[in-house]
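**Student:** Chains as they are written, first to last, in the UniProt record's numbering: chain A, 1 to 483; chain B, 1 to 483; chain C, 1 to 483; chain D, 1 to 483.
Read the hints as simulated data drawn from the structure, not as lab findings.
Backbone N, C-alpha and C fix where the C-beta goes; we use that ideal spot for every residue, glycine too.
Among the clues, some could well be false.
[To be verified] Residues from chain A shown here face chain C by an in silico Cβ test under 10 Å; the list is partial:
#, residue
1, F107
2, R128
3, R132
4, C135
5, F137
6, Q138
7, M150
8, A151
4 protein chains.
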Amino acid sequence: MLTTHPFDDDKLREECGVFGVLGPLDAAALVALGLHALQHRGQEAAGIVSFDGRDFPSHRALGQVGDIFGSEAVMRSLKGNAAIGHVRYATTGETAVRNVQPLYAEFEFGGFALAHNGNLTNALMLRRQLVRRGCLFQSTTDTETIIHLMATARGGNVIDRLVEALRQVEGAYSLVCLGKDQVIGVRDPSGVRPLVLGMLGEHPVLASETVALDIIGAEYIRDVAPGEMVVLEAGQVQSLRPFQSAPSKFCIFEYIYFARPDSFMEGHSVYEVRKKIGAQLAIESNVDADIVIPVPDSGVPAALGYAEESGISFDLGIIRNHYVGRTFIQPTDKIRRLGVKLKHNANRAYIQGKRVILVDDSIVRGTTSVKIVEMMRDAGAKEVHMRISSPPTSHSCFYGIDTPEKEKLLAHKLSVEEMRRFIGADSLAFISLDGLYKALGHAKRDAGAQYCDACFTGDYPIPLTDFEAPRPADVHQLAERRA
Amino acid sequence: MLTTHPFDDDKLREECGVFGVLGPLDAAALVALGLHALQHRGQEAAGIVSFDGRDFPSHRALGQVGDIFGSEAVMRSLKGNAAIGHVRYATTGETAVRNVQPLYAEFEFGGFALAHNGNLTNALMLRRQLVRRGCLFQSTTDTETIIHLMATARGGNVIDRLVEALRQVEGAYSLVCLGKDQVIGVRDPSGVRPLVLGMLGEHPVLASETVALDIIGAEYIRDVAPGEMVVLEAGQVQSLRPFQSAPSKFCIFEYIYFARPDSFMEGHSVYEVRKKIGAQLAIESNVDADIVIPVPDSGVPAALGYAEESGISFDLGIIRNHYVGRTFIQPTDKIRRLGVKLKHNANRAYIQGKRVILVDDSIVRGTTSVKIVEMMRDAGAKEVHMRISSPPTSHSCFYGIDTPEKEKLLAHKLSVEEMRRFIGADSLAFISLDGLYKALGHAKRDAGAQYCDACFTGDYPIPLTDFEAPRPADVHQLAERRA
Amino acid sequence: MLTTHPFDDDKLREECGVFGVLGPLDAAALVALGLHALQHRGQEAAGIVSFDGRDFPSHRALGQVGDIFGSEAVMRSLKGNAAIGHVRYATTGETAVRNVQPLYAEFEFGGFALAHNGNLTNALMLRRQLVRRGCLFQSTTDTETIIHLMATARGGNVIDRLVEALRQVEGAYSLVCLGKDQVIGVRDPSGVRPLVLGMLGEHPVLASETVALDIIGAEYIRDVAPGEMVVLEAGQVQSLRPFQSAPSKFCIFEYIYFARPDSFMEGHSVYEVRKKIGAQLAIESNVDADIVIPVPDSGVPAALGYAEESGISFDLGIIRNHYVGRTFIQPTDKIRRLGVKLKHNANRAYIQGKRVILVDDSIVRGTTSVKIVEMMRDAGAKEVHMRISSPPTSHSCFYGIDTPEKEKLLAHKLSVEEMRRFIGADSLAFISLDGLYKALGHAKRDAGAQYCDACFTGDYPIPLTDFEAPRPADVHQLAERRA
Amino acid sequence: MLTTHPFDDDKLREECGVFGVLGPLDAAALVALGLHALQHRGQEAAGIVSFDGRDFPSHRALGQVGDIFGSEAVMRSLKGNAAIGHVRYATTGETAVRNVQPLYAEFEFGGFALAHNGNLTNALMLRRQLVRRGCLFQSTTDTETIIHLMATARGGNVIDRLVEALRQVEGAYSLVCLGKDQVIGVRDPSGVRPLVLGMLGEHPVLASETVALDIIGAEYIRDVAPGEMVVLEAGQVQSLRPFQSAPSKFCIFEYIYFARPDSFMEGHSVYEVRKKIGAQLAIESNVDADIVIPVPDSGVPAALGYAEESGISFDLGIIRNHYVGRTFIQPTDKIRRLGVKLKHNANRAYIQGKRVILVDDSIVRGTTSVKIVEMMRDAGAKEVHMRISSPPTSHSCFYGIDTPEKEKLLAHKLSVEEMRRFIGADSLAFISLDGLYKALGHAKRDAGAQYCDACFTGDYPIPLTDFEAPRPADVHQLAERRA
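In isolation and in its complexed conformation, chain A is listed as follows (with noise of 0.2 Å):
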C-alpha cells in the first residue's frame, strides 16, 4: 500500500515536525501519537516537554517516536495537561543529544520550551554578537539563539520577549512553544515550513500536518497564516500579528513529497494535488506505452494521475520488500552488486515485453533512478519512460530540508537530455514549473507566485545573510549543523 514515504537515500528530507497540545489530561500521550504521526518529518530523534503546574519534565532521545515514548515509566514523568513536541533528523555523537529538541531554558521569570521546524539564515551572525555579550552556547542548533535573544531582551513577559526575539531572525520557522499554562505558535512572515491548527473537544493543538490531528480524533480548524503568532491559554485562541507583512511563500514541496498524502495544506487534499500533478505530466508528455509503474513508495498518487489522465493501465511493477532493515551488510563486493535487489523487486510478469512508464516524484543526485532503470531492462522491459512530477531540482534549501550541495544534484549539473542519458532510460521528463502551479490551480507561474520554489528556480524569498559570505570560523559550524 501507499506508505508515508519510509528512508530513501536519493530523496530531499524534511527536517523536522511540531506538536503542541493545552488542556486535556494525558496531554503528553497526545504528543507522542501526534510525532508518532508526523515520524515522516523526522526520524532520528524526538523530545516532549509538558509542564505540570510547577515542572517541565522532559524527555528527549535519538530514536523513533514509538521506541523512545512506548515506556510507560516515560509517560508517567511527562505530567500535565500542556506539553509540546518534536522530531527530527539527529547528528552523531555526544552533540546528537545536546541538539535534540524542544530546547529548553530557565529564564528569570520561569521555564520555557521551544519546538523548530525550519531554519534560519542569520542564526550565525546573531550568535557570534551574543556570544560577544557572554552569552554560552550549549548546542550546535540555530535554535538555540532564539532562546538568548529571548533572555537577553530588554525585559516584558514571555510574548514580549519572543516577539522581540523573533523580529531579529530570519529564515523559515513554525515554532510551538511551552510556557506556564501557555502553549504558543508562530510562522515566519512568508509562512514556508507549514503549521495547522486543531481542536480536540475544547482543546486547541497545534501541528506541522493535519494528520496528526487525525491521529488523535481532533478536528482540523485552519493553517495558522503565516507572520501569525497563535497564543493558546485556558482554552482560549488568541491571534496576535506582530510582524511585518510579506507575501506568502509556503514550500511546494511539501506538495510533491514530504507531506503525507493524507494530509491537508492549505485547505488542498495533497494526494489530490499529487493526482492533479501526475495528470498534467501525463498532458505535457505522454508517451505511448503499455503500462504506469509508480516508483515506490512515494509515487503512487501521481502515477494513478497519470493513468488516468493517459488511459494506459497501471500495475505495481515494483514490489517492495517489507522488512528492510538498516543494517545488513553484505560481505563482499559480488554481493554488494545483488545488495540493490534488497529493498525492491520487479513484478517481472508485468514487466517482460512491455513499454514501461515510470513515475517518480523527483531525481535529486540521480543514484536510485539509475537502479531502478536497469531492474527494469534486467526484467525484460521493452522500453522505459521516466516521469517526473517534479521540475528539475537545481538548488539547495536552506529553509529548512535536507539537502545535498548544489554540486551534488543532478539537475544543477546536467541537462534534462544528460541525464536521460545518465539514468539510462529511452526517455525522461519532468513537469514544466508552470504546470506545476497550474496543478495547483493557478493559471501559470508569475512574479507575485505564492510559493517558495527555489529549489527549482534559484529564486531565494528570503535573505541567506550566513551562507553568502560565511566567515572561516562558520564553516565549521555550518557544516555540523547541516551533519
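Fit chains B, C and D to the given chain A structure using the hints.
**Tutor:** Using the frame of chain A, we list chains B, C and D on its own:
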C-alpha cells in the same frame, strides 16, 4: 507501495521459509539474501548452517534476517560453498533458541543439517516410540523427529536414512538439507508447501519462492515436484522419486495471501492470479459504488482486478504509517482507543460522501475488518461494501500455517450475513469456491481438485494422526509447538 | 587483599577526582589511566576533553572509566597532546549526562574545559545574579557558575578571566582546566581538596592523588599549594598566587578514608598514617581480647597498627565475596534477610569462642556496623569490641563530600554509649580528636590546626553562604545537586 | 580485605560449583544465593532447574549469578520447593548456551536434571559407542554422556539408571541431580571434588563448599563421602554406597587455592590450613628480610602464617584497584606496557629500601610473578624473595581444573633455579611435598596418601582413557571441551 505483507494480527501466518545453495563462494551470504527475500514467511527467528569441507559452522538467533546476519564477523564464520537457511516464527523463552532451525546433528557417518517448512501430523506418535527406545529430544519441534528417525535407521548413507525416516512421517514438508558436499531438497507426496529449483550460473539453488532466486540473480528453473527428492552434488541435480505417488495438493492460500506478489508458483504470476481473483469477485458480487479501495497492505492486486473489471475507479483510501514499531504503549484507556490509528489513516478527501468498496484477501477473527469499516464511516463514507478475495476461512490448518483454533475463526461461528453485521458493513461478499478455482484456470472445484483448500472446506488431504485423539500428555506439547 | 574502597552504603563518599596532562602523544590515553587510578573518588560518571590543536574532542558518559574509555574508537577520537579528565558521582535521569564533567564552553576567545573536585558554597547566590543578566544555565552543577563568570568577565585572556571568576566564588575547589595548548591547575586558598603535580619525563601532570601518577609511571613532584594556580604551557610550569592567602585547611578525612592507601599526601604515606592512627587508638582504648579483625575493605592498615601496638594477633575474620554485583534482587522477605551475607561472610574458625576487636574507620549511619557485630555474634564470638579510627562524625560536609543530612548521622543523634547499644557491641571507642592530630605528627589540635575537621567539630573554615539562609526557590536546586 | 579470588590469568581455575536443596519454599532463590557464594568456582555461566510438582522450569545463561538471577521475573518463573544449580566457565559462541548446566532431559519416566563438578576421563570412548547406537548428542560436554547412558539403561527407576550409568564412567564427579520430588548427590569413588551436606532447618542441602551453606544460614553436617550417593526425598536423607570402594583422593589444591578461605573441608578451616602451610614454608625456607608481603588476593593467609612463624612484620605492600573491569583496552604499545599497573600498585612507602618476602600460592606460567617482582624493584625494593605455598605445578589436571597444557607450565620446563632467574627474584622457594602433607596434619606423603596431588607429582589416581590414546577425530572434541 505494495509491500510484502507486514505483521497484521488478523491474518493467517506462514510459519517458515527455506533456502539452500551448493557451489558458489560465499554460499552463506547468498543464503542470507535469500532468507531476506523470504522474510514474509517467518519474521521472528532465522538460522544458517554451512559446510566448509570439514565443519558445519552455524548461526541461529531470534530476530530478523538483516539483524542476525548483518554482522561481518557472523558472515565470516559461516565458511564454505554449501549452505542452507531457515526463517520461522519463534516461540518465547529459553526454548526458543533450541527450536530455531536448521536443526543439526552429528551422526556416526558425519554432520547433517535440516530446514523444514510445513508441519508433521504424526510427530508426537513417533516421538513417543523413539523416547521409549532411549532417544533424548532436545527441542519441542516436530522436525526433530526426522533427525532421530535417521539416527536410529537401519543404516545406509544419508539419502537412504532420510528416505527411511520420511517414509514414516505424515504431514506437510518441504525440506532443504545439508550433508557433506551435498544439498538435498524434498517435498512431501502431496506437495502442500512450495519449493522451487533455480540456477545461479552453474550452481543449483533451492528456495521456498522465486523471489529468493530474484534477489541473488538466479534463474527460476522449475518447482520441485510433489514427492520428489532432488540431490545437489558437485554441480549435478539428481531427481529421485522415493515415495508412493499421491494427488497434488498445493496450498491454495499461497496464491491468495502468503506468497509475495512478485513470486511465480507452478508457473503462475502470483500478482496476476490475485488480479484475476479480484476480477472474478467483481463478476460475482459487484455493487454500485464510487471508489474501490484496497485494504493495506495485501489487498492491492485484487482491488486493481476488481476495479478494472467493474470500471469503478481505484484509489488508495487508507494510508499506512510506515514507521510503526511494535513497542508503542498507550498509557491510558482514552489513548488506547485512539491507538487503532497508529497504523492507518483514512484518506479523508477520497472517502467523505463516497460509496466505498473495500477489497481485502481474508477475514480471520474479523477484528481488523471492524476497525477499518469504522474508520471509513468516521471519514464520512456514505456506504461501505466489503469484498473478500477468498472463501470464508472456517477451518484450522495443520500443515504449517499459524491459524487460530477453529472456535476463534469468524467464519466458523457466523453466517455471511452475521459476519456483515459484526463488521458493520452495508454489504459483504466472499469469492465462491468455484470462482476461486476459475481464477486459477479450472472450470470449477471438483473431487480431483489439485489444491489443498481445507481451511475453506475442512477437506483435509493428509491424516491428522496426532490431532484426532491426542493423549493427555501430548496436549502440552501440541500447545507449546503452536505457541 | 586490601582494595581501594568499594561501594559501601554506610561510608562518606568522595565526590570527584581530576587529572590533566600536557605534552605527550596519547594524552587522552594517559588521562584515562589516571582516572582509572582515581576511580575510588567517583564511580558513576567520567569524562575526558582533549585539545588537538584546533578542536576540543570530548567524551563523557555514565559508568566506570574502563567501560567508558575501553573502546578504541572513543580513544582514537580524543586526539591531541593535551587533555583533562574527571570522575564523579552522577545524578539520574536526563540531567545526568549534562552534569558530567569536564564542562566545556566556547568563549569569544576560544574553547575552554574545566574539571572540578570540591563544592562551591555561594554558587546559588551567584547563579541568581547571572540569570538576571540573561545567562542561561544548562546544568545544575555549581561548577557551571565559574564558566558563566568567565564569559561575563571584563575581558582579558583565559588566566585573567579565570582569576576574576574564582575571586568571586567561595567554597572548596581543586580545578584542572584545558585551554588552547594550556593546562591549568588551581586549589582554593584553604586547599581543602588535594591536587598534586608530577612529571612524566618532560611532561607536567596534575592529579588528585599520587596513585594516578604511579599508574602512568610519572614522578611525584609536590602538592599544588593552597591558593596556588599552576599554568602548564609548552613544557613549562608557571606558579601564580592570585588570591589572598588563607590558613591551610586540608581535609583530614582524606587521610582516614577517602584517599587510596598507596597515595602520598603532603609527603605522608596514607597507609602509614592509617597504621599510626590504629596504633594511637590501641594506646587510647585497648581492651583484653584474642584477635584484631579489620572491617573490610578499608580497615586493614588501622587494624594492623592496632594489632602491632597492642600485641594482639591480627587475622582476617571477615571474608568478602569478590563477585558482588549491584543488581542481585531478593524476591522474598525471608531471602532478603539472608541477603546481608551476599557481600561478607564470617571466617568462623577464627571467631567462634573468641573475644574480638573490630577495627573500622568511621561510623556514619551505623547500619553496616549493626550487621557486622551481629555477624560476629552469629559466628560465635564471645565478646565484640568495636574501635573506630576517626572521631565521631557528627556534622555534614559542604566541601565536596557526599554526607547524609546531619539528622541521619548516628553521632549527631546519640552519645558514644548510646551508639554502642545501637550497634550491639560490648564496647565502642573512637580515636580522640587530639589523638588523630598526634598520629599526624602534631602535639594536639589547637586553634591554628592545619586541617578541616568540620565533620567532627562543626568548625567550618569557609562561609556556607548558600546553605545558611536558602531562599525557598533554591531548595529544589540544592536537593538536586545533592541527589 | 581478603577477597575470594578474582580472575587472574596466571592461576589454575576451578571449573564448576554445584548446589541443591529440597523442601523449602523459594528453593530456587536459595539456590541462587548458594551459587552466588560459589561464584569463585565458575564465573562465566550459571543455571538453575527447579521442580514445581509438574514441570521443571529452568534458566541458564552466560554471566554472573547476580546478573542472571537478579530479575524478579526469572526468579518467579523458577517455582517449586526443590531446585539445583550450577556455576561454570563457559565456552564461546552458539555452543556456549547449550553447554551451560544443569543439563535436563525428559526420559520415558519423567524429567531429570543434572549438575556436574569434575571431569570424566572416558566420556569420548562412551560417546562413540552411544552415537553408534543412534544417540544424538546436543552439547560437547562430557556430562551429557551420563544422560544418554541413563536413557539407554536397561530400565528401572531413576536411582537404578543413574547407578548403572555411573558404573560405566571414569573420572572425577560431584553431581547434584533433580528428579520428581527428589534431589540426589553423588561423589565419585575417589572423592576428587568436594561435596558437602547441610541442613536448613529440616530441609537438606547439598553444596560444593560450606560457604554456600553459610549464606543461606544452613548448618554444615558433613562431607558426602567418596563413592557415596545421598538421596534427599520428603525431608529424608538416605545414604547409598553403590560403587566399589576406592582410596580417597581429595584434590589437595582445594586447600591451597580453589576453595574460599572461609570454607571448611573435611572438617578443616581452609584459612587455618593456609596459615599452617605458610608457617611450614617459613620453617623450610626462611630468609633474613624486613617485610612479608602477600601477593593479592589469595596469598594473605599463607603470608600471615609465614610472618607469625618467622617474626618478620606483615604489611600490604601491593594495593589492588577495586574497580578493574575486563574491558579496558590500551590503544598504543606505549600505553599497553603501562597497563600492567591497572590492577595493582606498589605501596611504595613500605617497599623502598626494604628486603621483601613475597608470598604467593602457586606459579603456573609465571607471567604474573615476573611483573610483581618487577613492580617491587621499581618501587625500590633492595631484595625480593619469592615464597610459594605449593610445590611446583608441573603436570596438567584432568579432573575438572582448567590447567594449561603441560608444555606451558613453568615448573614443567624449568628447574627451581631457572624459574628464579626467569621471574627475576633474589631467591625462590616452594613448600616441599612432605611439608604440604605436614601442614595438613600428616607425617609426610607416602604411597597411601589420601590426596590427589597429580599436578605436582604426575601420579594420576584415575585412568585417563580418553587422553592416553586419543583418536584423531576426538582431538577436536577434547580441544573444544577445554576451550
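**Student:** Decide, hint by hint, whether the structure agrees.
**Tutor:** So, going through the hints one by one against the coordinates:
1. The interface hint given for F107 of chain A holds, since its Cβ lies 7 Å from the closest Cβ of chain C, which is under the 10 Å cut-off.
2. At its closest, the beta carbon of R128 of chain A sits 9 Å from a beta carbon of chain C; the interface hint therefore holds under the 10 Å criterion.
3. Here the hint on R132 of chain A is kept, as its CB sits about 5 Å from the closest CB of chain C, short of 10 Å.
4. Annotation: interface hint on C135 of chain A holds; nearest CB of chain C at approximately 7 Å, less than 10 Å.
5. With its C-beta approaching chain C no nearer than about 7 Å, F137 of chain A sits inside the 10 Å limit, and its interface hint holds.
6. Evaluation of the Q138 of chain A hint against chain C yields a held restraint, the C-beta minimum of about 5 Å falling below 10 Å.
7. At a threshold of 10 Å, the smallest CB-CB gap from M150 of chain A to chain C is about 9 Å, leaving the interface hint in force.
8. Nearest Cβ of chain C to the Cβ of A151 of chain A: about 4 Å, under the 10 Å cut. The hint holds.
In summary, the structure agrees with every hint in the numbered list given earlier.
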